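Residue numbers (the numbering used here), protein chains in the order written: chain F, 621 to 732; chain G, 91 to 202.
Hints were generated in silico from the structure; no laboratory data involved. Quantities reported herein were computed from a predicted structural model and do not represent experimental measurements. Wrong hints could be hidden among the right ones.
[Stated by the list, open to error] Below, in silico cross-link-like pairs of lysine-lysine (DSS-like), each with a Cα-Cα straight-line distance of 25 Å or less:
1) F:662 <-> G:101
2) F:622 <-> F:687
3) G:147 <-> F:622
4) F:687 <-> F:676
5) G:147 <-> G:107
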Amino acid sequence: QKEVEQNSGPLSVPEGAIASLNCTYSDRGSQSFFWYRQYSGKSPELIMFIYSNGDKEDGRFTAQLNKASQYVSLLIRDSQPSDSATYLCAVNRGGGYNKLIFGAGTRLAVHP
Amino acid sequence: GAGVSQSPSNKVTEKGKDVELRCDPISGHTALYWYRQSLGQGLEFLIYFQGNSAPDKSGLPSDRFSAERTGGSVSTLTIQRTQQEDSAVYLCASSPLTDSLHFGNGTRLTVT
């Protein structure tokens with residue numbers, strides 16, 4: 621079992637719809653959770669992080685965390701073609717530094 | 091200010107040769123990380139530096155891989171006797187100790 625699992629996709633959604641990206645992790649001791657966006661040929665860029673159970677909203681993005689289910693998700697409202705990218709889920713198990721364990725990513729395609 | 095800078099951006103080398111990859115982190119960032127991303131895969135942790143020391147080298151795949159950091163700034167990742175399976179994008183990231191990672195644009199290494 622991989623430590624961080626994501627559906628590879630592609631997830632195809634129409635412009636204006638809500639895109640829902642999911643991630644599960646295996647280590648119950650994980651403490652913080654990150655979503656990165658990576659355009660083809662580019663480096664990952666941070667979208668959001670979340671530490672506590674529940675929802676965290678930032679503009680069109682909402683991160684959701686359920687530690688009991690070991691599940692974290694990212695919702696993108698009003699999806700735009702420019703959101704088309706690979707979304708990487710990453711988990712920090714703690715230990716005083718930010719060693720992130722990444723999933724393989726979900727490719728999102730938003731079509732006009 | 092300037093972001094994380096990596097050089098070269100592309101490197102093609104023959105199997106068996108040694109290569110050096112350079113990372114210049116964001117000024118003042120004490121933590122520095124090296125990751126590797128193979129085609130279509132997520133990011134694989136290699137090594138973490140805090141200042142000039144490397145308390146976590148657990149991701150280095152073999153003793154052909156080594157890294158150093160000098161002056162609490164520039165880091166060099168060295169791969170000796172390169173193999174074709176070393177072909178990947180090598181990404182460097184820096185951060186204040188426990189803040190989120192800022193990635194460079196990576197070095198694409200191709201071993202022929």
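Verification of the hints:
{"no.": "1", "hint": "F:662 <-> G:101", "verdict": "holds (16 Å)"}
{"no.": "2", "hint": "F:622 <-> F:687", "verdict": "holds (17 Å)"}
{"no.": "3", "hint": "G:147 <-> F:622", "verdict": "holds (20 Å)"}
{"no.": "4", "hint": "F:687 <-> F:676", "verdict": "holds (14 Å)"}
{"no.": "5", "hint": "G:147 <-> G:107", "verdict": "holds (23 Å)"}
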